[in-house]
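All residue numbers for the sequence shown refer to our numbering, where the first residue is 226 and numbers rise by one.
There may be inaccurate statements among the hints.
[Stated by the list, open to error] Keeping only pairs whose Cα atoms sit at most 20 Å apart, straight-line, the calculated EDC-like set for lysine to aspartate or glutamate is:
{"hint": "1", "residue 1": "Lys363", "residue 2": "Glu317"}
{"hint": "2", "residue 1": "Lys327", "residue 2": "Glu273"}
{"hint": "3", "residue 1": "Lys276", "residue 2": "Glu289"}
{"hint": "4", "residue 1": "Lys327", "residue 2": "Glu341"}
{"hint": "5", "residue 1": "Lys382", "residue 2": "Glu289"}
{"hint": "6", "residue 1": "Lys369", "residue 2": "Glu289"}
{"hint": "7", "residue 1": "Lys345", "residue 2": "Glu242"}
{"hint": "8", "residue 1": "Lys382", "residue 2": "Glu364"}
{"hint": "9", "residue 1": "Lys381", "residue 2": "Glu296"}
{"hint": "10", "residue 1": "Lys363", "residue 2": "Glu330"}
{"hint": "11", "residue 1": "Lys382", "residue 2": "Glu317"}
{"hint": "12", "residue 1": "Lys340", "residue 2": "Glu312"}
{"hint": "13", "residue 1": "Lys382", "residue 2": "Glu360"}
{"hint": "14", "residue 1": "Lys381", "residue 2": "Asp299"}
{"hint": "15", "residue 1": "Lys369", "residue 2": "Glu313"}
{"hint": "16", "residue 1": "Lys283", "residue 2": "Glu273"}
{"hint": "17", "residue 1": "Lys367", "residue 2": "Glu297"}
{"hint": "18", "residue 1": "Lys363", "residue 2": "Asp299"}
{"hint": "19", "residue 1": "Lys327", "residue 2": "Glu360"}
{"hint": "20", "residue 1": "Lys349", "residue 2": "Glu242"}
{"hint": "21", "residue 1": "Lys369", "residue 2": "Glu317"}
{"hint": "22", "residue 1": "Lys369", "residue 2": "Glu297"}
{"hint": "23", "residue 1": "Lys381", "residue 2": "Asp362"}
{"hint": "24", "residue 1": "Lys367", "residue 2": "Glu273"}
{"hint": "25", "residue 1": "Lys345", "residue 2": "Asp246"}
{"hint": "26", "residue 1": "Lys381", "residue 2": "Glu297"}
{"hint": "27", "residue 1": "Lys327", "residue 2": "Asp275"}
{"hint": "28", "residue 1": "Lys349", "residue 2": "Asp246"}
{"hint": "29", "residue 1": "Lys367", "residue 2": "Glu300"}
{"hint": "30", "residue 1": "Lys367", "residue 2": "Glu289"}
Worth flagging that the hints you see were computed from the coordinates, not collected in a lab.
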Amino acid sequence: IACLAQLVNVIAPIMTENGGDAWRQTIYYPFMHASNYGRGVALIPNIESDKYDGRKYKDVPYLEAIATVNEENDELTIFAVNRCPGEELLLEATLGGFSGYKVTEHISLYGFDPKERNTKDLRKVKPSTLSGSTEVDKELLKSKLPPLSWNVIRMKK
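Let the sequences and hints guide you as you build the complete structure.
This is the structure we're talking about:
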């Protein structure tokens, strides 16, 4: 179940102009990815990550991730965030019990200032497909996550 407090304007994923254009805001894409690819059973991974101290919170992991398996469609999806501002992270995931899955797509939203936003006239913040950044060798997935990025790694049997 997904819910958004605001559907258009103010803090919404879709911005509009009265009587005019509409455009996707930066927060639209992670919500859309989770809605489209987060089907099936949620898997909570055991994550080991370096941490940092923020202004408000201590021991914040640079890496956050969750996965879903859709047995009906033989799909496995990993959603991962790299919070590190200056370095890519290497995500390594043991796929025990999920052998035979191959990477079909690695989508990433990265390369933008964290405060960047899309506007009516400038819509540069959008996801792209990364090639060659994710591979599976036997039951070990390795993926390079760009700095300050949202990532969707899609796999299929």
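Status of the hints after comparison with the structure:
A distance of roughly 13 Å separates the Cα atoms of lysine 363 and glutamate 317; the hinted pair therefore holds under the 20 Å criterion. For the hint linking lysine 327 to glutamate 273, the alpha-carbon distance of about 23 Å lies beyond 20 Å, and the restraint is violated. Between the alpha carbons of lysine 276 and glutamate 289 the distance comes to roughly 11 Å, so the proposed pair stays at or under 20 Å and holds. Restraint check for lysine 327 and glutamate 341: not satisfied, since their Cα atoms lie roughly 33 Å apart, outside the 20 Å limit.
A threshold of 20 Å between alpha carbons decides the hint, and for lysine 382 with glutamate 289 the separation of about 24 Å lies outside it, so the pair is violated. Distance restraint check for lysine 369 and glutamate 289: the Cα-Cα separation of roughly 14 Å lies within the 20 Å cut-off, and the hinted pair is therefore satisfied. Our distance criterion of 20 Å between C-alpha atoms is met by lysine 345 and glutamate 242, whose separation comes to about 8 Å. Pair hint lysine 382 plus glutamate 364 holds up; C-alpha atoms about 12 Å apart against a cutoff of 20 Å.
In summary, the hint linking lysine 381 to glutamate 296 is supported, as the alpha carbons are separated by about 10 Å, within the 20 Å threshold. With a C-alpha separation of about 18 Å, the suggested pair lysine 363 and glutamate 330 falls inside the 20 Å cut-off, and the hint holds. Distance restraint check for lysine 382 and glutamate 317: the Cα-Cα separation of roughly 19 Å lies within the 20 Å cut-off, and the hinted pair is therefore satisfied. Distance check on the hinted pair: lysine 340 and glutamate 312 sit about 18 Å apart at the alpha-carbon level, within 20 Å; holds.
Simply put, lysine 382 and glutamate 360 have alpha-carbon atoms about 14 Å apart, close enough for the 20 Å limit, and the pair holds. For the hint pairing lysine 381 with aspartate 299, the CA-to-CA distance comes to about 6 Å; that is within 20 Å, so the pair holds. Between lysine 369 and glutamate 313 the alpha-carbon distance is near 6 Å, which keeps this suggested pair within the 20 Å criterion. This hinted pair checks out: lysine 283 and glutamate 273 have alpha carbons roughly 16 Å apart, not beyond 20 Å.
Pair hint lysine 367 plus glutamate 297 does not hold up; C-alpha atoms about 25 Å apart against a cutoff of 20 Å. The suggested pairing of lysine 363 with aspartate 299 holds, with an alpha-carbon distance near 17 Å, which does not exceed 20 Å. Among the hinted pairs, lysine 327 with glutamate 360 is consistent with the structure: their alpha-carbon atoms are about 8 Å apart, no more than 20 Å. Proposed proximity of lysine 349 and glutamate 242 is supported: the alpha carbons are some 18 Å apart, at most 20 Å.
Using a Cα cut-off of 20 Å, the hinted pair lysine 369 and glutamate 317 holds, with the two alpha carbons roughly 9 Å apart. About 28 Å separates the Cα atoms of lysine 369 and glutamate 297, which puts this hinted pair outside 20 Å; it is violated. For the hint linking lysine 381 to aspartate 362, the alpha-carbon distance of about 14 Å falls within 20 Å, and the restraint holds. With a C-alpha separation of about 14 Å, the suggested pair lysine 367 and glutamate 273 falls inside the 20 Å cut-off, and the hint holds.
Simply put, lysine 345 and aspartate 246 have alpha-carbon atoms about 7 Å apart, close enough for the 20 Å limit, and the pair holds. Taking the CA atoms of lysine 381 and glutamate 297, the gap is near 11 Å; set against the 20 Å cutoff, the hint holds. As the CA atoms of lysine 327 and aspartate 275 are separated by approximately 28 Å, the hinted pair breaks the 20 Å bound. Distance check on the hinted pair: lysine 349 and aspartate 246 sit about 16 Å apart at the alpha-carbon level, within 20 Å; holds.
Only pairs whose Cα atoms come within 20 Å are accepted, and lysine 367 paired with glutamate 300 is accepted, the gap being roughly 17 Å. Distance check on the hinted pair: lysine 367 and glutamate 289 sit about 15 Å apart at the alpha-carbon level, within 20 Å; holds.
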